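Residue numbers (the working numbering), protein chains in the order written: chain A, 1 to 327; chain B, 1001 to 1254.
A hint or two may mislead.
Unchecked claim - FRET-style restraints, in silico, Cβ to Cβ: (1) A:G193 / B:G1031: 26 to 36 Å; (2) B:K1198 / A:H289: 40 to 50 Å; (3) A:S103 / B:A1003: 40 to 50 Å; (4) B:L1250 / A:N227: 50 to 60 Å; (5) B:E1125 / A:L73: 45 to 55 Å; (6) A:S103 / B:C1014: 23 to 33 Å.
To be clear, the hints were calculated from the coordinates, so they are not data collected in a lab. Values in this document were obtained by computation on a predicted structure and should not be read as measured data. Positions of the beta carbon are idealized from the N, C-alpha and C atoms, including for glycine.
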Amino acid sequence: MNRESPGPVPSIEGPSAADAELELRVGRRQHPGWWFATAAVLVMAAVIVNVLVTNPNVGWDHVADYFFSTDILKGLLRTIELTVLAMVIGIAIGVVVAVMRLSPIPVLSGVSWIYIWFFRGTPLLVQIIFWYNLAALFPVLSIGIPFGGPTIVSGDSNVLITPFVAAVLGLGLNEGAYMSEIVRGGIQSVDHGQTEAATALGMTRGRTMRRIVLPQAMRVIIPPTGNQVISMLKSSSLVSVTSLPELLYSAQLIYNANFLTIPLLIVASIWYLIVTSVLSWGQYYVERHYARGSARSLPLTPPQKLRRRLVQGRARWEARTRQGGRA
Amino acid sequence: MTAALLSIRGLYKCFGPLQVLNGVDLDVARGEVTCIIGPSGSGKSTLLRTVNQLEEVDQGRIYLDGELIGYRARANRLTPISERELARQRTNIGMVFQSFNLFPHMTVLENILEAPVGVLCRPREEVTREAEALLEKVGLAEKRDAYPRHLSGGQQQRVAIARALAMRPKLMLFDEPTSALDPELVGDVLDVMKDLAKGGLTMVVVTHEIGFAREAADTVVFMDCGVVMESAPPDQLIGAPVHERTRAFLSKVL
């Protein structure tokens, strides 16, 4: 079909077809309430921004001064270090405890139940203070044959359990309890038919777990694990009570000396926000990797949604101007 | 020689108070197709699943090619063999499930390669060529790089058949392979199975497709209440059943 013979039936190609399609375009439903809600929210946002920018007590110049200060950056690094180490310990413990929990041997599943019960049932802050004061409970730590056997290595608890070790232990052991539930949920989410098919093909239990069950469980395990990492980054600020100079305590040390409390808390908050943003971004790509073969359930990320909206908006705008130009 | 490839002797199995298998004896000759029919709950699927020990039995013996499956006879006792040894025995027995059970995180080709390469340690290139030939055979050569979720149920089941065949099994078990399929997709799967039957593969098929049994089976077995009620060539069993219960069942499904 071409321009000389415009027919009523729109074909797939040709400018006349596009025009015909435009005339048939479905109008968008109008929602006057949306405009009202948008306006109200924008006004409120403007008020908040205005207060933050113009209030001299916020001290934006101080925020800028301290944002890249050596102490703050060192604290940030320590926070990241704590998060990574505690998560590594947490995930390792989580996998072991989850597999134990699913074991048919009652003692193993019982022990893992007690582990989860204890570490989920007491506050993280209490656990951290507890590890920090371990020396009061066990002044000397030793490795050897139990029940009166010879000691192989031993050391003073005060020397071995530094604030950093106490913090990593406290955060990691607590995390292990949560991770084990996440891993267990992931393993149990994999259809039993998968295990049967692998077994019927002559795979051993270990190989089935490694090649068939865990890769599929990852899809369920990864999203909550990402949340746990972000949560851990923030929970690590709790160890500031043990005078460990991570990000929050580093900020506290500075404002205890110069009383610029609000600016330094803002500095710390912005750094936390930056790192959590980077983590969320990374989480998306890891999730996408493990969604292979079931991408249907994958949600769009905010940037993708924004891009799609922009593209759709532009298409609509172009369509409207073309229509307007013709009329 | 006429010795049976698969011999089942005196099989008993219960789930709690329910006696599912109540003394089953069955022989399947090499190169023959045996179809097992019967009402639901008659124990036919359970019987199939005991052959590769997806279900353990309470009593009885299963021999494949003269080898006792799952156990070792020592003095008067049967002791379970190791997991690794059992896994090796299972490589000789292919199984196709009602719900396909393809690995969703792998492509069609990866699904087929996984066990021959990973378990039998055969060279990847050689198995790839074989896998492509198998996909050709089941009519899905162009789907080798697709993920299972992009395939219809019938296509998935044909891939599952190719995956099982890639292990070069001595025996193939089909557990209601067409029961989860849309009616218009059943034919493709049955055609592939008929080809395999003509090709001389030894098959045991639990099915509700009486037409398939009539056409492709050498022997049809009617099971009810955990026992083999009647076993005969299809013309005889479907055309002129001896047993009252076989007749009652067939009158309902035909």
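For each hint, the structure was consulted:
For the pair A:G193 and B:G1031, the supplied restraint of 26 to 36 Å holds, since their beta-carbon distance comes to about 29 Å. The given range of 40 to 50 Å is respected by B:K1198 and A:H289, whose C-beta atoms sit roughly 44 Å from each other. Separated by about 42 Å at the C-beta atoms, A:S103 and B:A1003 satisfy the suggested range of 40 to 50 Å. As the Cβ distance of B:L1250 to A:N227 is approximately 58 Å, the hint placing it in 50 to 60 Å holds.
A hinted range of 45 to 55 Å holds for the C-beta pair B:E1125 and A:L73, which are about 53 Å apart. A beta carbon spacing of about 25 Å between A:S103 and B:C1014 agrees with the range 23 to 33 Å that was offered as a hint.
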